[in-house]
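For this one, chain L is given, so just place chains D and W with the ligands on it according to the hints.
Chains as they are written, first to last, in this note's numbering: chain L, 1 to 818; chain D, 1001 to 1206; chain W, 2001 to 2447.
Partial list, computed: chain W residues near chain D (C-beta under 8 Å):
| hint | residue |
| --- | --- |
| 1 | Glu2091 |
| 2 | Glu2123 |
| 3 | Ala2165 |
| 4 | Ile2315 |
| 5 | Phe2333 |
| 6 | Glu2337 |
Pairwise CB distance ranges, derived in the manner of DEER restraints:
| hint | chain 1 | residue 1 | chain 2 | residue 2 | range |
| --- | --- | --- | --- | --- | --- |
| 7 | L | Gln76 | W | Gly2220 | 49 to 57 Å |
| 8 | D | Pro1015 | W | Asp2038 | 49 to 57 Å |
| 9 | D | Glu1077 | L | Gly221 | 43 to 51 Å |
| 10 | L | Arg497 | W | Lys2068 | 37 to 45 Å |
| 11 | L | Gly703 | D | Asp1022 | 55 to 63 Å |
| 12 | W | Ser2058 | L | Ala41 | 25 to 33 Å |
| 13 | D | Gly1173 | W | Arg2023 | 39 to 47 Å |
| 14 | D | Glu1048 | W | Lys2068 | 30 to 38 Å |
| 15 | L | His771 | D | Asp1022 | 36 to 44 Å |
| 16 | D | Glu1048 | W | Ala2417 | 56 to 64 Å |
| 17 | W | Lys2068 | L | Trp215 | 56 to 64 Å |
In case anyone wonders, no lab produced these hints; they're calculated from the structure.
Glycine included, each C-beta is placed from N, C-alpha and C at the ideal position.
What follows is each chain in one-letter form.
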Amino acid sequence: MITLTIDGREIQAPENAMLVDGAKYGDVEIPYFCYEPKLGAPVGACRMCLVEVEGIPKLQTACSTGVKDGMVVHTQTARVRDAQEGVVEFLLINHPLDCPVCDKGGECPLQDITFGWGAGTSRFIEPKRHFVKPLELSPLIAIDRERCIVCYRCVRFSQEISEDYQLVLLERGANSFVGTFDGHPYVAPFSGNIIELCPVGALTSRAYRFRARPWEVEGGGSICTLCPAQCNVEFTVRDERVLRVLARDHEDVDDGWLCDKGRFAYQAIHVDERIVEPMVREGGELRAVGWDRALETAASALAGAAGKAAGLAGGETTNEEGFLLGRLLREGLRSPHLDSRAGTPLPLALRQALAAPALAATVPDLEFAHAVLVLDCEPVDDAPILDLRLRKGVRRNGMRLAIATGRPSTLDSNAEHSVRIAPGAGGALLAALDAALGSGGDLGALAAAAGLAVDEVRTLATLLSEAGEDVVILWGERLTDGPGGAHAARALLNVARRLGLHGPQGAGLLGIPAGANGRGLAEVGVLPDAGPGLQAVETAGRPAAGIAAGLADGELSTLYLLHADPLRTHPDRTLWERALEQATVIAHESTMTETVRRYATVVFPAESYAEKEGTVTHPDGRLQRLRPAIGNPGQVRSEWRVLAELAERIGHGLGVLTGEMATGQVVEAVPFYARLTLEDIGGRGVRWQERVAASAMPEGAPGPFDLEPLPAAPAANGALRLGTFRSIWAAKEVEISPSLKFLAARQRAELSPTDAERLGVEHGEPVEVVHDGASVHAIAAVRANLPAGTVFLEEATATEPVNILTDGEQRLVQVRRP
Amino acid sequence: MTRDVVRFEHGSRVPGWDDAVDLTKDPAQIPDPATTPVPPELRAQIEEYMSRYPDRRSAALPALRAAQNHHTYCSPEAVDQVACVMRVTPAYLAALTTFYDMLETEPKGTHAVYVCTNISCSLNGAEELYEAFQEAIGEDPDINLRTFECLGACDIAPMASVDGTYIGPLAPGDAVTVRDDIKADRPVLDAKQLRHRKVVPQGDPS
Amino acid sequence: MTALLFENIDEEGLNTLEVYERRGGYRSLPKALAMTRDEVLDTLVESGLRGRGGAGFSMGKKASFLPKTDMEKYLVCNADESEPGAFKDRELMQKNPHQLIEGIMIGAYAAGANRAFIFIRGEYDFQADILEAAVAEAYEAGYAGERILDSEHTITLVVHRGAGAYICGEETALLDGLEGKRGSPRLKPPFPANQGLYQGPTLINNVETLCNVPHIIRLGVEGFTKHGVEGSRGTKVVSVSGNVQRPGNYEVELGTPSRNIIYGLAGGPPEGREVKFWFPGGSSAPILTGDDLDLPYDFDSMAKAGSMLGSGSIIVIDDSNAVLDVALKVAKFYRHESCGKCTPCREGTNWTVKMLERIERGEATPMDLEIMAGVQERIIGNCLCVLGDSMAMPIGSMIKKFRDEFEAHIERARAEADGGPVPEPSALVGVAGAEPGPYPSTADAED
Ligand SMILES: Cc1cc2nc3c(=O)[nH]c(=O)nc-3n(C[C@H](O)[C@H](O)[C@H](O)COP(=O)(O)O)c2cc1C
Ligand code: SF4
Ligand code: FES
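Bound-form chain L, shown alone (with noise of 0.2 Å):
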């Protein structure tokens, strides 16, 4: 803390703060409009923030000069006041008198601005500029140019932050205004963030657009469910209504964005699709019907198929909810048929070695670090608000990054050195990293399997040895859900150990797991060989794909589906159809997914996440607390109250009567969440591996490293790999949400030009990807950087599903034209 003079009394403030800020801390105010140091260094572009520094003979905009000892700051004097009067005058001069019918009237810091340091009066008499108004930027934002106060905020953004560089001022001077090139809309991932960036009405919603002014609503913070990324936000809420979604600013989750799922999506929870009543089928009809009815059907069938029963928790499953599944299958009805993921299941030992508090990444520390390696996974797609740290890592701190994936990344361009690998072949690649690290493998043979060439291990290799102590691995569960999942995780924790990553506190792996709360419902124990806390149960059960091989050939009778939806999730999507054809399914579901539409013999309304009480864990190992922010729709009940209600029924009770006691017996069966409470985990969330509970984790073994080359990926002769990925919009909710709609992922076969050449097919025009029979129809999109060799087809997308062509193990597909 350093001490300063800011009209005429001394304050203390941090040392390396900006003067605006730093006069915070002696409730002095400095307006400002352009100032956001989460768009980086200040531009000082709006001058309302202009002070009287002694000693400087200019007056000095405080949003850029730093505080330093012993300086003597006025803000208040006759020189200063004209200044801010002035800026307020010049920024007024072309802002029409619309604030009684604009959005921002009431949260507006222009509007606060003018009556705080202002003149009241203006001496402008010509005409103002008038243009129409408001106009679409996107489907999601409308502009409002009249309003617009060139702060730069909006562009900055789209330049520094999200990167898109899709949003400009264009013209200059007194013309120049925000657009986008040639009349393209801004479709972002990350494009609503300027809506909340905008210090004026210029950029509005065009969701929340008119729906309520700011004094009638209130604000209800939680967290979002529908990504691993589990940004924290604020639901506005007007009379029992979601109306719209703002970041809640947490700088070791989110920075302060949200992505355009996180920011739109909630329109799902008021659509007319949504599930509000329980139902059962009836002659081949689902019926709505009491809850005592639909409860007695469900308990019956359960309590007719102990032994026989499985379970399927999908990603936004809270803690809470996929542990009282757990209890209600595995106690209940002795049945430990119970998976959270897709793929095939990490033996538990190296589960265990992979979640080692001492391995763990933050997700700060994917911005500080010295390097990150971007392994198999797509940020932007799998849990977005990554995609942004790393860039800001890259961009502010010099953090070097690499990535290793098998389709383009949208951060290649950020990349210091991007190896694109066969699909599937992270694990290969893994051991040929680790050889070139120095284990003594054959390096040749093994960079070969991954479809590499030596040097592209090598050169990645030396960036991250040579970076500095902290890397940081950032990997998706597509590296270890295939069948070559095993030999990737303990190649994941060898090269680990060889880069050191142990040790330091910055350093360590971070896994994005496929679901929301993938992390939390492992460590719950929605897995089929592990328990609560990550700890071996006697019994294990069967995987997903057992499952459904078990139900298929009648070995299980019931299915209970907790938010998860096979059809569009798992692979081998044939069988699974042919398995809940033989099933009894219940379904707690809020939307009709064809599952529930053609299979659920039970529905169950479920919860959206705004009315959700429990917690989820991040996959830092943060836990983080949902509140609910409206009471629940129709008939919707809590999702533990049903599962409670159905183990007394089939005469297991467990002990549950209120959320917190849900969460309580969580705390108690995990033995590394040991006493955490709800009030601990408060609105910031707790990182589990920072407590002393911690140690509690039991320590896992990579077991035996064979560094044998996988078998290469195979030959293609004519044929082509099949590689998939699921974007950001493949979600039920952007389908039903009704602005988000068209961004729904539509089937696309993305191809080399090389392919596409010697196939005969066009862009944009149909094709179809054809395996075994199945066949996918699809738009080609060719694409310059694809590698050769390889299609690409986009999963979980609502028609033309990708896996009727896959059962998890590398596919050969043909394309063609129809």
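Same frame as chain L, but now just chains D and W with the ligands:
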């Protein structure tokens, strides 16, 4: 969404301010080389420019001027091509084409006639000169006639720049000759080209 | 008569390496390379050379601000020359490009820069072609590029063409322009000497400033400081234009009486006309009147008179012109050239133009003059760069020095607009020292 509203008649009119985006278009990301053909000469030229600088983006202005020469103006297609070679978004370049005076964003004649109308030139009759040019050139689609801020040749005021060649001092009567020279592809008004001009005899100031 | 930069300026072929060398060129570069960096810097500081681009800051001091670390450093030559009235750099580059190149090489050596750029305005294509040819020759001869003159110093030089924006003359906007962005000024600090081009330490100097450098090395401190006066050493290439009989570039000793430049060299206004007012340093300098003609033309005298030497470009306006016309030209120029980044400049230039147009249309009252003067005051000193001031200062000075004429105009234009009796113009123009001339009608003035 655009409608004609009378009250928009007054106040300053700024091109672009009234335009909404076209929601049927895709967002403009960095163009994919696989689907963006670029004339090879233009590509080679842009790549050569990029090689001159430590950061490829420094080549943006020369590259856009090259594309403008190729396409007669910075058309959306031209911008897309530059964006594709330079690996930047077209919007990055649109921010430049609308900022810099020499980059044209509307179709224009291939020959540029800039008539300086800044202080020194207008003190010496630039307005009449410009009118004479307007009359001589009329609606000729090959010639892009426009007024320009000070071109840095007040010593030959009033003056004009024809495709980069400075000529002056001009009399209104010169406009027709200039037009004819342009149309005949001759050096314009050779006698009045700046390159012939000697530094004025440096007398003893006292 | 003095000729340093203009020595042999009209000699055929001086733009070629051969003639330049024959005339003694490229002798200072090896001499400088034989000195240590600090010696060169000291020489530059002691020479008293002040920047010729506008701000008049000591060139040697600025060069010595660059950190002495071994990070990548840059020298950028500012050849944007877009200020109304300025055309001296054009002459220097077109006729004697090697003089500039030699200056750049010495400057880069002194500053420890390995890469140099010349940012030349896009309209100067002819001069840019000449420069590029000269740079190629210099590379060929080993004066530029890898290991110049077989020393261990590598200094590359690239000619970068702008595309039409006055603001790119402002040094930080120039850097953005050179980085391939919109030419918008950056916040200072950090100053370019610490964080400039590509975030590296950067020395930015005007063409004429750098052209002086070989002469300073050649003449030594003592020889160079013989030129000019205390505080303003050396000669100045002055661009004289407007209402003068012999417009052109003149190299004079700094400190030469202004009258001698305007009348003696440039021949003064046409027969029968008097100087009504003049811009001593391009259109951004506050105006001076006929009363100020005897001031010595140097940095400090101009500053003391409330104006500035700026780029050293004199625009003379004779008594046949109305001050309003010139004010409107100036204001429109700056409105057109404002980058739009900061509020006071973007809005203030626009507002000022609108007010001046209203005066012209006869829709203003004398109170509007008050407002206009107030607006200028709220611009001055409050902008991100000094472009806003560059309009506000001359406009402010015009209102101050020609208030009577503005007021008379307001009355007359209002009367005209109302169709009432129009007061006699000659009776209303009251400018110290200036003969009232016939008053051109503003009704048909062009935009
Ligand atoms: C709006 C504006 C325009 C300028 N234009 C030029 C210019 O065209 N040429 C120039 O050399 N300096 C120009 N300058 C001054 C530069 O910012 C800078 O001070 C100068 O290039 C430094 O070089 P010097 O120290 O050699 O004078 C301009 C400044 C401003 C504020
Ligand atoms: S639209 Fe809003 S955020 Fe963007 S420049 Fe204008 S006022 Fe600032
Ligand atoms: S907040 Fe300081 S200039 Fe805008």
